[in-house]
Structures are given as C-alpha cells and as structure tokens.
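With the hints as constraints, model all of the structure from the sequences given.
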Amino acid sequence: MTAAGQPWTGVASIGSVLGRLKAEFPDVSISKIRFLESEGLVTPHRTPSGYRQFSAADVERLRYVLAAQRDHYLPLKVIKEHLDAIDRGLEPATPSPRLPRALVSTPGPSANDFAPAAEVRMTRAELLAESGLEPADLTELEQFGLLSAGTGGYFDADAALIATTVGELLAAGLEPRHLRPFRTAAERESALVAQLVSAQARQKDPDARERAGAAAASVAATVLRLHALLVKAGLRRELGI
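Read in order, the letters of the sequence shown correspond to residues 1 to 241 in the UniProt record's numbering.
By construction, these hints were calculated from the structure, which means they are not laboratory data. Any given hint could turn out to be false.
The list that follows gives simulated cross-link-like pairs (lysine-lysine, DSSO-like), each with its CA atoms no further than 30 angstroms apart [stated by the list, open to error]: (1) K77 / K22; (2) K32 / K80; (3) K22 / K32.
Estimated spans, in silico, between C-beta atoms of each pair [unchecked claim]: (4) T43 / D71: 19 to 27 angstroms; (5) T151 / S190: 16 to 24 angstroms; (6) R209 / L161: 22 to 30 angstroms; (7) A185 / R237: 17 to 25 angstroms; (8) L161 / G10: 52 to 60 angstroms; (9) Y73 / L192: 44 to 52 angstroms.
Just so it is clear, the structure is predicted and the values come from calculations on it, not from any experiment. The beta carbon of each residue, even a glycine, is placed where N, CA and C say it ideally should be.
Put into structure tokens, the structure is as follows:
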C-alpha cells in the first residue's frame with residue numbers, strides 16, 4: 001500500500017522492495033531476494049542496463065514465498081509447486097492443487113428443487129395466460145409429451161413452470177418440435193436415477209420411500225449440474241467463448 005492507503009501498482013528497485021517487505025519479514029535481505037530470484041520463484045523485469053524492476057505482482061509473490069517459509073516451514077520445491085498452481089488458476093494445497101472453492105461449489109439445482117410443488121390446479125386458459133404460450137404451441141407441447149393435464153383437465157404447478165420456461169425458449173427462437181430431445185434426455189436421466197434408488201425404495205421400512213426420494217433428489221441435482229456444465233463446454237467449443 002502507498003502512504004495514501006492505495007494499492008501500489010508501479011515498479012520498484014530491489015532496495016525499495018526490501019523496504020516494503022522488511023516490516024512484515026524482519027529477516028529478509030537483498031541477498032535473500034536475489035536468492036529467491038535465482039531459484040526461479042520470482043522473475044523481475046530487467047532494464048537494458050541490468051537493473052531489476054519489481055512489479056506489484058512480484059512483491060506479492062515474494063510475500064507469499066516468505067510467509068510460506070515463515071508460517072508453514074515449506075521447502076522451496078513445495079512453494080514452487082504452490083506458485084505454479086496459483087499461476088494456473090488453482091488453489092495450492094497439500095498434497096496436490098485443487099480447484100478454487102468458488103468453482104467446486106458450482107451453482108446449480110439443489111435437492112430442494114425436487115421437493116413436491118405446491119398444490120395448484122390451473123385451467124388451460126389460466127396456463128396460457130401465465131406462460132404467454134399460444135394455444136397452438138401448447139397443443140404441440142402436449143403432442144410431443146412435454147406437457148399434460150392431470151385429473152379433471154387441470155395443470156399442476158410443475159406444468160406451469162415448464163410452460164413458462166418453454167415460453168422463454170420459444171421467445172428466443174426455438175420451436176416446440178426442437179424441444180423433443182429435452183424430453184427424451186429427461187426421461188433417460190430420470191430412469192437412471194430411479195434405478196439407483198429403486199432397491200432402497202422397495203425396503204419394508206416405512207421411511208424407505210422417503211429416504212429413496214431424498215437420495216434421488218440429491219443425485220438428480222448432481223445430474224443436472226453435470227448437464228449444465230456439458231452444455232457450457234459444448235457452447236465454448238461451438239462458439240469459441
């Protein structure tokens with residue numbers, strides 16, 4: 001930080017860097033900084049006349065090395081591995097680097113999203129008004145098996161959510177016929193998840209079905225996260241984004 005309390009973003013000589021680190025690391029010296037450079041832990045820019053110019057990133061790298069030695073007694077080889085992990089966008093860890101925590105907890109559906117929906121009974125006209133679908137679109141969706149009315153010809157809450165979501169896709173330019181593969185994929189994934197918990201659901205324990213439902217919801221949430229990640233990877237390949 002500068003005297004004004006703002007982050008330092010310029011370049012500095014080795015003597016200036018020593019001054020910046022000395023308060024936090026009293027044992028550091030110019031020879032120590034040169035040694036760390038010789039070991040490849042920091043690579044400051046060199047002027048045509050050979051003077052070192054350390055950037056703010058170089059200073060933070062030195063700070064990381066010195067703290068790792070002082071606080072964790074890590075050998076330089078391990079610190080180098082940590083720095084390599086950081087350079088590659090990972091979080092250093094022993095025995096091996098790992099993804100940043102923000103990536104490990106990739107956002108996506110949770111098991112709670114598979115809880116039974118509220119009891120709702122919507123007429124066909126109410127569903128059309130709620131979703132913005134045209135009557136012809138709804139008819140096609142029913143023909144393709146994406147939507148169906150229940151007892152008495154009413155649509156439930158899940159059907160309303162499906163219709164609203166489909167409405168967004170149609171507004172983006174898709175047509176109902178484009179959505180048939182979604183239904184097919186969903187049926188296959190549902191069957192796979194159901195197969196995983198079927199043995200548990202058949203147990204005589206009165207709570208078995210409830211536990212099977214909870215397990216199915218957890219696995220299904222993971223399946224959908226995988227699906228989202230695969231779609232993301234596919235888009236990157238197709239569009240170069």
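To see whether the hints hold, each was checked on the structure:
1. K77 / K22: holds, 24 angstroms
2. K32 / K80: holds, 16 angstroms
3. K22 / K32: Roughly 12 angstroms separates the two Cα atoms, so the pair holds.
4. T43 / D71: 19 to 27 angstroms: Because 24 angstroms falls inside the window, the suggested range holds.
5. T151 / S190: 16 to 24 angstroms: holds, 21 angstroms
6. R209 / L161: 22 to 30 angstroms: holds, 24 angstroms
7. A185 / R237: 17 to 25 angstroms: About 19 angstroms separates the Cβ atoms of A185 and R237, which means 17 to 25 angstroms holds.
8. L161 / G10: 52 to 60 angstroms: holds, 54 angstroms
9. Y73 / L192: 44 to 52 angstroms: holds, 49 angstroms
Taken one by one, the earlier hints all hold for this structure without exception.
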